[in-house]
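Asks: Chain residues, written in single-letter form:
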Amino acid sequence: MSNETWQWQEDGCTVSRSTQWSGPGCHNGCGILYYTKGDKLIKVEGDATNPYNAGRLCMRCLNLTEAVNHPDRLKWPLKRAGNRGENKWERIPWDEAYDIIEEKVKSIKKDYGPESIIGMEGTGRNIIWQVPYLTYAGFESPNYTLGFLSGDACYLPRAAQQAVMQSDFFVTDCAQHFETRYETPEYEVPKVIIIWGNNPIISNGDGFFGHWIIDLMRKGSKLIVIDPKLTWLASKADFWLQLRPGTDSALAMSMLNVIINESLYDKEFVEKWTAGFEKLKECVQEYPPEIASEITWVPKEMIIEAARFYAKNKPAAIQWGLAVDQQVTGISAAQAITSLWTITGNVDVPGGNVISKSGFNVDDGYNCGIEWVSEDTLQKRLGNESYPLKMYGFASTAHGDSVLKAIESGKPYPVKMLWLQTTNPIANMGSEAPRVYDAMRKVDFNVVVDLFMTPTAVACADIVLPAGMSLERDSFRAWFAPLRAISKIIQYEECKSDEQIVLDLGKRLNPAAFPWKTVEEWLEWKFGNAKDHYPDAFQIPWSGKTYRERGNTRGVTFKELQERGWIYADWQYRKYEKGLLRRDRQPGFNTADGKIQLFNTLFDDWGLNPLPYHEEPPESPYSAPELYKEYPLILTSGARSWEFFHSEHRQQPTMRIFHPDPLVTIHPDKAKELGIKDGDWVWLESKRGRCKQKAKLAATLNPKVVSAEHGWWFPEKPGAEPILFGVFDSNINNLTAQCQNGETGYGAPNKGLLCKIYKVTEENSQVMPTMQVTKMGGFGYDRK
Amino acid sequence: MTENKASSRNGLLIDYEFCTGCHSCEVACMKELKLPPEQYGIRVLEDGPRKTPKGKWDWTYLPFPTSLCDLCEDRVKAGKKPSCVQHCQAAIMTYGPVEELSKKLAEKPKMVLFTPV
Ligand code: SF4
Ligand code: SF4
Ligand code: SF4
Chain A
1429 MSNETWQWQE
1439 DGCTVSRSTQ
1449 WSGPGCHNGC
1459 GILYYTKGDK
1469 LIKVEGDATN
1479 PYNAGRLCMR
1489 CLNLTEAVNH
1499 PDRLKWPLKR
1509 AGNRGENKWE
1519 RIPWDEAYDI
1529 IEEKVKSIKK
1539 DYGPESIIGM
1549 EGTGRNIIWQ
1559 VPYLTYAGFE
1569 SPNYTLGFLS
1579 GDACYLPRAA
1589 QQAVMQSDFF
1599 VTDCAQHFET
1609 RYETPEYEVP
1619 KVIIIWGNNP
1629 IISNGDGFFG
1639 HWIIDLMRKG
1649 SKLIVIDPKL
1659 TWLASKADFW
1669 LQLRPGTDSA
1679 LAMSMLNVII
1689 NESLYDKEFV
1699 EKWTAGFEKL
1709 KECVQEYPPE
1719 IASEITWVPK
1729 EMIIEAARFY
1739 AKNKPAAIQW
1749 GLAVDQQVTG
1759 ISAAQAITSL
1769 WTITGNVDVP
1779 GGNVISKSGF
1789 NVDDGYNCGI
1799 EWVSEDTLQK
1809 RLGNESYPLK
1819 MYGFASTAHG
1829 DSVLKAIESG
1839 KPYPVKMLWL
1849 QTTNPIANMG
1859 SEAPRVYDAM
1869 RKVDFNVVVD
1879 LFMTPTAVAC
1889 ADIVLPAGMS
1899 LERDSFRAWF
1909 APLRAISKII
1919 QYEECKSDEQ
1929 IVLDLGKRLN
1939 PAAFPWKTVE
1949 EWLEWKFGNA
1959 KDHYPDAFQI
1969 PWSGKTYRER
1979 GNTRGVTFKE
1989 LQERGWIYAD
1999 WQYRKYEKGL
2009 LRRDRQPGFN
2019 TADGKIQLFN
2029 TLFDDWGLNP
2039 LPYHEEPPES
2049 PYSAPELYKE
2059 YPLILTSGAR
2069 SWEFFHSEHR
2079 QQPTMRIFHP
2089 DPLVTIHPDK
2099 AKELGIKDGD
2109 WVWLESKRGR
2119 CKQKAKLAAT
2129 LNPKVVSAEH
2139 GWWFPEKPGA
2149 EPILFGVFDS
2159 NINNLTAQCQ
2169 NGETGYGAPN
2179 KGLLCKIYKV
2189 TEENSQVMPT
2199 MQVTKMGGFG
2209 YDRK
Chain B
29 MTENKASSRN
39 GLLIDYEFCT
49 GCHSCEVACM
59 KELKLPPEQY
69 GIRVLEDGPR
79 KTPKGKWDWT
89 YLPFPTSLCD
99 LCEDRVKAGK
109 KPSCVQHCQA
119 AIMTYGPVEE
129 LSKKLAEKPK
139 MVLFTPV
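Chains as they are written, first to last, in my numbering: chain A, 1429 to 2212; chain B, 29 to 145.
Here chain A stands alone, though its shape is the one from the complex (with noise of 0.2 Å):
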């Protein structure tokens, strides 16, 4: 083994070190080393020189053999040869693929305008900044998006409310930033880390690793968990808050009005670098314990004491998550949280929330190239119309149910090609499923690139293209340190790398957007390199900024960064205090007065709360008591197994050794009272439609709530439609909603909602899902 080069020979095998990040994968990008002889993975290892990772692995990554050298991976573009669900299909050269997508694409901007097309990809994945390039540099058009998320509920709804607030990233500190990691001298292990909303030992979600909690542990730092369900660090903490499920804001607003009121916050910062605060004040006596407790189900003490605990020991850190997003009240959730580690001064010091730029702020993510897309066409992005925060361009994404609504109804103007890039909206990322099965099949024109044949592929795409795996691409992860080389090892059948697809596709779309003659060049740029070679591509500015305040890696090149690795950028804590932030170099934040908005001026002035409020679900038991005579039991879903990535892995038999089926939690006691035995197979119903999964009985789960897995399609039965891969069947999105937002656009209530449960039996299992959904015309309600 070397650390000098990055590939090397031993047992036969070629040895490379490289990073995995999708597909397959998660939100992560370890380290890795891949084993192969030729065009064949043998094994892999986690890369022990990694500071990432120090050569760590989940089971996923552990078992990459099983997905790089699966048989039924796609090989070669296909095209459609029967109708749509049929799944047949014929093989063509890449060039004929090509040839139908560009005729396809520039007839369609004739006819009706670039933004009747739509770019979308899934969660996580390496195509955050390739897509959106494709869709605005290639299309021309502003409908970028996810695959029908909801209220953009993953990350965005936290994130637009950190450009308001205070213009950047903040993530837990774990010494991440620093190649010597918990040895760096400066560094400081939180006393206590809250856990909001997530399990990242399962979910690493936004590029942070879970298990590093667990290292924190190890050095002595205590664990308050806010959870609805007893996860296995909440077993471990020190207070595990147990709220229901969507009121994270009244906790949270209650936590600052004990903070606050006993006088426990950091006063010298609050002063010197917040707004608003008076206003903050004001508003969380609304919320004193009692109040709260009565909403979230947490006990009035608890909430006063988790409040003290984490205001009085310093530094402490809060890793939130998805949860958060999911719900309407995503936005103020998020507002409320991060006002909890502004008013305690854990901000940008040692320990705490930390500010974070990704990788040299060479990724700058969804708004790449979006200065391709003129003015006018700009303001026609969907959800604009509705919505302050994408109007004014705080959003860099078109609004997901707006997209849905613009395919269902022609308004305000029709939409004719849906471009989906490794995303699987019908097993996965759209709500209300079968209302987006219909949807996309209403659409002309539908490309897919993907890994394997997926229901959505058969259901909607016209054009299938094979994407290549991680290991089968160059590329670079950057979320948010070190920046990391992907490296191209292998090359499987006909697969290309997303950046190669976009690129060729490029070319013939737009070449001016599209200068370089590889997908290396194409990364030199995205470093801010090679100059030279590219004045006009390096004139446009790059989201909104011109080339000096752009990103890059001070002259690293791919092939360096490839030899090396990964590199750390220079790390410095309190960067508000040293003119580190803004563009005037002043110190501060970045927003108009330099200031954390605890109060948010720019949502008053746009007629929104500027302040964190809580809203009942749209369907609870205080919301909707009629309905919850009918639907007794709080849904909750989409919580994580060590085995998937979402829609994912389900094809490995060694994931599905150790996770067959679909499982949902039911406590123990409301199990006895349903009838229902641990192993069973039961319904999950709510007013929109059902789906079937097997019962785990756990008491981890107030009685009330009902936790269901999500992403759940069977690829090893037939993909031909009525059974379509099954992936109506046990698919908790037939139950949950599209179109129900927070006044903001952002956040659906999709982790809280109505729903029975009953016993399945031959009686009630005559019609399956996928038949009803594809061949009856769906669960039969008015759509909203």
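Careful, some of the hints might be misleading.
[Stated by the list, open to error] DSS-like mimics (lysine-lysine), calculated; alpha carbons at most 30 Å apart, straight line:
1. Lys1742/A x Lys136/B
2. Lys79/B x Lys1664/A
3. Lys2105/A x Lys79/B
4. Lys1695/A x Lys1619/A
5. Lys1647/A x Lys132/B
6. Lys1516/A x Lys1537/A
7. Lys2124/A x Lys84/B
8. Lys138/B x Lys1657/A
9. Lys1987/A x Lys1959/A
10. Lys2122/A x Lys1700/A
11. Lys1987/A x Lys108/B
12. Lys2003/A x Lys1740/A
13. Lys1707/A x Lys1695/A
14. Lys2105/A x Lys2122/A
15. Lys2122/A x Lys84/B
16. Lys62/B x Lys1916/A
17. Lys2003/A x Lys1959/A
18. Lys1503/A x Lys62/B
[Said to hold, decoys possible] Sample of chain A residues facing chain B (criterion: CB under 10 Å; computed from the structure):
19. Val1472
20. Asn1491
21. Phe1637
22. Met1645
23. Ala1662
24. Trp1668
25. Met1819
26. Glu2054
27. Pro2081
28. Ala2126
[To be verified] So the derived label-pair ranges between C-beta atoms look like this:
29. Glu135/B x Arg1609/A: 16 to 24 Å
30. Lys2145/A x Leu90/B: 34 to 42 Å
31. Lys62/B x Lys1728/A: 50 to 58 Å
32. Lys84/B x Asn1511/A: 55 to 63 Å
33. Asp2012/A x Glu135/B: 50 to 58 Å
34. Lys62/B x Gly2103/A: 20 to 28 Å
35. Leu90/B x Arg1736/A: 30 to 38 Å
36. Lys2100/A x Lys62/B: 28 to 36 Å
37. Arg1736/A x Ala34/B: 49 to 57 Å
38. Lys1465/A x Lys84/B: 49 to 57 Å
39. Lys2105/A x Gly124/B: 39 to 47 Å
40. Leu90/B x Thr1608/A: 48 to 56 Å
Just so you know, the hints here were simulated from the structure itself, not pulled from any lab data.
Beta carbons: idealized from backbone N, C-alpha and C, even for Gly.
Once you have looked at the hints, place chain B with the ligands on chain A.
Replies: This is chain B with the ligands only, laid out in the frame that chain A set:
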């Protein structure tokens, strides 16, 4: 068993207090030993989650090597750590001479020392 063997015996020390039940050791081992489906060189047992009479939660995972574990003989010879040790996400496993490990065993509670071979 010769005295020689006894004095050079190696083992696995596991700080099971922090085992998260992530299955990485199980899969790492399957791959290393090239085991057929549903065969394991190490298994992770689970107790709980269970509320104790004191009102605290017990939720403990305990990994233990099976009869198939050879302490990664080949890897160790090649100068590497056993695969489960290297990949454990919580980094709670240590491989080494039993004598050394038994000293470490005394350093904190909730540890276990295995001597599979
Ligand atoms: S967390 Fe797991 S799936 Fe994600 S990159 Fe790391 S090892 Fe791979
Ligand atoms: S030491 Fe090697 S053989 Fe033994 S359990 Fe660990 S990985 Fe398996
Ligand atoms: S890899 Fe480590 S943390 Fe994961 S189950 Fe095995 S021993 Fe436990």
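Asks: Run every hint past the structure and note whether it holds.
Replies: Tested hints:
Note on Lys1742/A and Lys136/B: the hinted pairing holds, with a Cα-Cα distance of about 26 Å set against a maximum of 30 Å. Our distance criterion of 30 Å between C-alpha atoms is met by Lys79/B and Lys1664/A, whose separation comes to about 12 Å. Our distance criterion of 30 Å between C-alpha atoms is met by Lys2105/A and Lys79/B, whose separation comes to about 21 Å. Between Lys1695/A and Lys1619/A the alpha-carbon distance is near 20 Å, which keeps this suggested pair within the 30 Å criterion.
With a CA separation close to 17 Å, the supplied pair Lys1647/A and Lys132/B stays within the 30 Å bound. Our distance criterion of 30 Å between C-alpha atoms is met by Lys1516/A and Lys1537/A, whose separation comes to about 29 Å. Between Lys2124/A and Lys84/B, the direct Cα distance comes to roughly 22 Å. Compliance with the 30 Å bound is thereby established for this hinted pair. Taking the CA atoms of Lys138/B and Lys1657/A, the gap is near 25 Å; set against the 30 Å cutoff, the hint holds.
Annotation: proposed proximity of Lys1987/A to Lys1959/A holds, straight-line Cα distance about 16 Å (limit 30 Å). With a CA separation close to 54 Å, the supplied pair Lys2122/A and Lys1700/A exceeds the 30 Å bound. Between the alpha carbons of Lys1987/A and Lys108/B the distance comes to roughly 28 Å, so the proposed pair stays at or under 30 Å and holds. In summary, the hint linking Lys2003/A to Lys1740/A is supported, as the alpha carbons are separated by about 24 Å, within the 30 Å threshold.
A threshold of 30 Å between alpha carbons decides the hint, and for Lys1707/A with Lys1695/A the separation of about 15 Å falls inside it, so the pair holds. Between Lys2105/A and Lys2122/A the CA atoms are separated by roughly 10 Å; this keeps the pair inside 30 Å, and the hint holds. Using a Cα cut-off of 30 Å, the hinted pair Lys2122/A and Lys84/B holds, with the two alpha carbons roughly 28 Å apart. Our distance criterion of 30 Å between C-alpha atoms is met by Lys62/B and Lys1916/A, whose separation comes to about 26 Å.
The suggested pairing of Lys2003/A with Lys1959/A holds, with an alpha-carbon distance near 29 Å, which does not exceed 30 Å. For a cut-off of 30 Å, the pair hint linking Lys1503/A to Lys62/B stands: about 27 Å separates their Cα positions. Nearest Cβ of chain B to the Cβ of Val1472/A: about 8 Å, under the 10 Å cut. The hint holds. Using the Cβ-Cβ criterion of 10 Å, the hint placing Asn1491/A at the interface with chain B is satisfied: the shortest such distance is roughly 6 Å.
Interface restraint check: Phe1637/A against chain B, minimum CB-CB distance 9 Å, threshold 10 Å, status holds. For Met1645/A, the suggested interface contact is upheld, since its CB lies about 7 Å from the closest CB of chain B, less than 10 Å. Interface hint status for Ala1662/A: upheld, as the beta-carbon distance to the closest one in chain B is roughly 8 Å, under 10 Å. For Trp1668/A, the interface hint holds, since its Cβ comes within 10 Å of a Cβ in chain B; the closest pair sits about 8 Å apart.
The restraint placing Met1819/A at the interface with chain B is violated, with a minimum CB-CB distance near 44 Å, outside the 10 Å limit. Taken as an interface hint, Glu2054/A does not check out: its beta carbon lies about 35 Å from the nearest beta carbon of chain B, beyond 10 Å. For Pro2081/A, the interface hint holds, the least distance from its beta-carbon to any beta-carbon of chain B being 7 Å, beneath 10 Å. With a cut of 10 Å, the hint placing Ala2126/A at the interface with chain B holds, because the nearest CB-to-CB distance is about 7 Å.
For Glu135/B and Arg1609/A, the hinted distance range of 16 to 24 Å is satisfied, since their beta carbons lie about 22 Å from each other. Against the hinted window of 34 to 42 Å, the Cβ-Cβ separation of Lys2145/A and Leu90/B comes to about 36 Å, which satisfies the hint. Judged by the Cβ atoms, the range 50 to 58 Å given for Lys62/B and Lys1728/A holds: they are separated by roughly 57 Å. One distance hint, 55 to 63 Å for the beta-carbon pair Lys84/B and Asn1511/A, holds here, with the actual separation near 59 Å.
Judged by the Cβ atoms, the range 50 to 58 Å given for Asp2012/A and Glu135/B holds: they are separated by roughly 53 Å. Between Lys62/B and Gly2103/A the beta carbons are some 45 Å apart, a value that contradicts the proposed interval 20 to 28 Å. At about 35 Å, the CB distance of Leu90/B to Arg1736/A agrees with the hint of 30 to 38 Å. Distance hint check: the CB atoms of Lys2100/A and Lys62/B are about 44 Å apart, inconsistent with the given range 28 to 36 Å.
Remark: the range hint 49 to 57 Å for Arg1736/A to Ala34/B is upheld by a beta-carbon distance near 54 Å. Here the CB-CB span from Lys1465/A to Lys84/B is close to 52 Å, well matched to the stated 49 to 57 Å. At about 46 Å, the CB distance of Lys2105/A to Gly124/B agrees with the hint of 39 to 47 Å. One distance hint, 48 to 56 Å for the beta-carbon pair Leu90/B and Thr1608/A, is violated here, with the actual separation near 33 Å.
The structure fails hints 10, 25, 26, 34, 36 and 40 (numbered hints given earlier, in ascending order).
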